[in-house]
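Asks: Here are the chains, one letter per residue:
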Amino acid sequence: MRKRKFEELFFRVLMILATIIVSGSFFLIVGTIFFKGLPYMNWDMITKTPGGGFYIGKEGGILNAIIGSFYVAGGATVLGLIISIPVAIFINLYMDGKRFLSNTIRMAFDVLFGIPSIVYGAFGFLIMVYFGIRASLLGGIIAVTLLVIPILVRTLDEVIRTVPFELRDATLSLGATRWETAKVVLRQIRPGIFTAILLYFGRAIGDVASVLFTAGFSDNIPTSLHEPAATLPLAIFFQLGSPVEEVQGRGYASALILTIIVLIITVLADILIKKFSKHKI
Amino acid sequence: MTKTPHISVQHLDVHIGAQHILKDININIPDKKVTSIIGPSGCGKTTLLKSFNRLWDNTADVKITGKVLVDGEDIYAPDAEVTHIRKKMGLLSQRPYPLPMSIYDNVAYGPRIHGIRKKQVLDQLVEEQLKATGLWNEVKDRLNASATRLSIGQQQRLCLARGLAVGPEIILGDESTSALDPVSTAIIEDLFISLKEKYSIVLVTHILRQARRVSDYIIFVYMGKIIEFGPTEEVLLNPKEELTKEYVKGYIS
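The listed protein sequences derive, respectively, from chains W and S. The opening residue of the first sequence carries number 798 in the numbering used here; numbering runs sequentially from there. The opening residue of the second sequence carries number 3 in the numbering used here; numbering runs sequentially from there.
Calculated from the structure, these hints are not laboratory results. One or more hints might be untrue.
Stated by the list, open to error - Covered by chain W, according to a simulated footprint, are these stretches of chain S (three or more residues, beta-carbon under 8 Å):
{"hint": "1", "segment": "86-100"}
{"hint": "2", "segment": "107-116"}
{"hint": "3", "segment": "158-170"}
C-beta: ideal position from N, C-alpha, C; glycine also.
If we strip away everything but chain W, and leave its shape as in the complex, we get (with noise of 0.2 Å):
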């Protein structure tokens, strides 16, 4: 009996304390990047590209990073999706009997889906010099879509799976043909297509390697698909590597832009997700 109770509480406490390392240091990362960024975070930051000397630690912003990493994102995730939805159909509704094949598929997605984030930067620039395409917002934009794709087609696939065959069943015995059960099911999972969306657009505006050397990087904000575009994590990268403690200060500060982006939009993709819930089985 008591080899029971004492079990019972060496794993309540290896459990509380997992618990505690883990939020912890989520606390401790938000806190180092909100302390050592915050003393530099003024609207300039915000509102201005960097102006003449900015890197040495004179007047400016980070405009340029942002508006330039959310069109990358955004770019990504609108051509990801325009791409992953109609595999995600296709294998799940227009595939039944050649489960064979169908699982072939998701075992693909699943090996890209490992692949680090660098090989697609690299496969993106490879496919870049094939067409003559120079660093630019077009190139970041191939290459963070790349990267996206497998993680976009494994969640909507997932998500339609959740769909019970019933209702497949119920639209298909009204007489309906496999596209117009298609779009009952991609009702049906709305709220999952946003959930998607935002939390792909989060890992996108955020990932390094895949624009490396693909996006480039510019103090201007891009005009068009062909100028190179800076994007933040970069410009926190770069900005970090400054012996420069003013412009150290403000790698931080960006960081802390990006947290707060990232952040915002969790809240928005849970906030979407009650609202689009409503007709949830």
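Chain S: place on chain W using the hints.
Replies: The following block gives chain S in isolation, referenced to the frame of chain W:
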């Protein structure tokens, strides 16, 4: 029976994977009557029901041989057009699965995909079918509310209305009351009885009392074969076959 029935099954065999689920099924489903398929679980009741509107098309490893004639047309013929066959049959599944849209749109969904666009016609159809399923008075003030807000019994009646709205000739019910409370079950059973004036109804049920309450004919299926088919009273009270006797008495289940 003088004229050909809506559903006529000839030498139907169904394999799923290595299993032989249905073996040489031959049956004419009586028109404008309620026919119940009874039998122990796993005997092939639901498989038989779903083979009437080709819902097996969406499952892997299914092999079907033989004929299912719907209005004289073999639905498993290579050139058969499946959406038009399914339109002839309304399916009511075990649990209600309303479409993710409003009450009105649920009923209007079927007519819309079959090309009815005029609002007047749709309005009338929706009202008609909701009245036919006794739901109209309960929902007429909130037709635009989400269908998932309804109680489960109401949802099942909505699903029935949705099926009726495409103008089927046959209603297939797959243990349609198994998720419902006794009151909702009674409402659905009464609906089946009143609907047989216009429709031929085939139900799968594992509740013998229900089969007795609602059906005119009974098909007893055991291990993938039809053991007995006949009028309800005869099959339940005076079975000819030994197996039916044992099942009705509760020796096998």
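Asks: Please go over all the hints and tell whether each is borne out by the structure.
Replies: Hints and how they fare:
Figure legend: the segment 86-100 of chain S, annotated as covered by chain W; annotation consistent (11 residues with Cβ-Cβ distances under 8 Å, at least 3 required). For the segment 107-116 of chain S, the assignment as covered by chain W holds, since 4 residues bring a beta-carbon within under 8 Å of that chain's beta-carbons and 3 suffice. Coverage of the segment 158-170 of chain S by chain W holds. Counting CB-CB distances below 8 Å, 4 residues qualify, and the rule asks for three or more.
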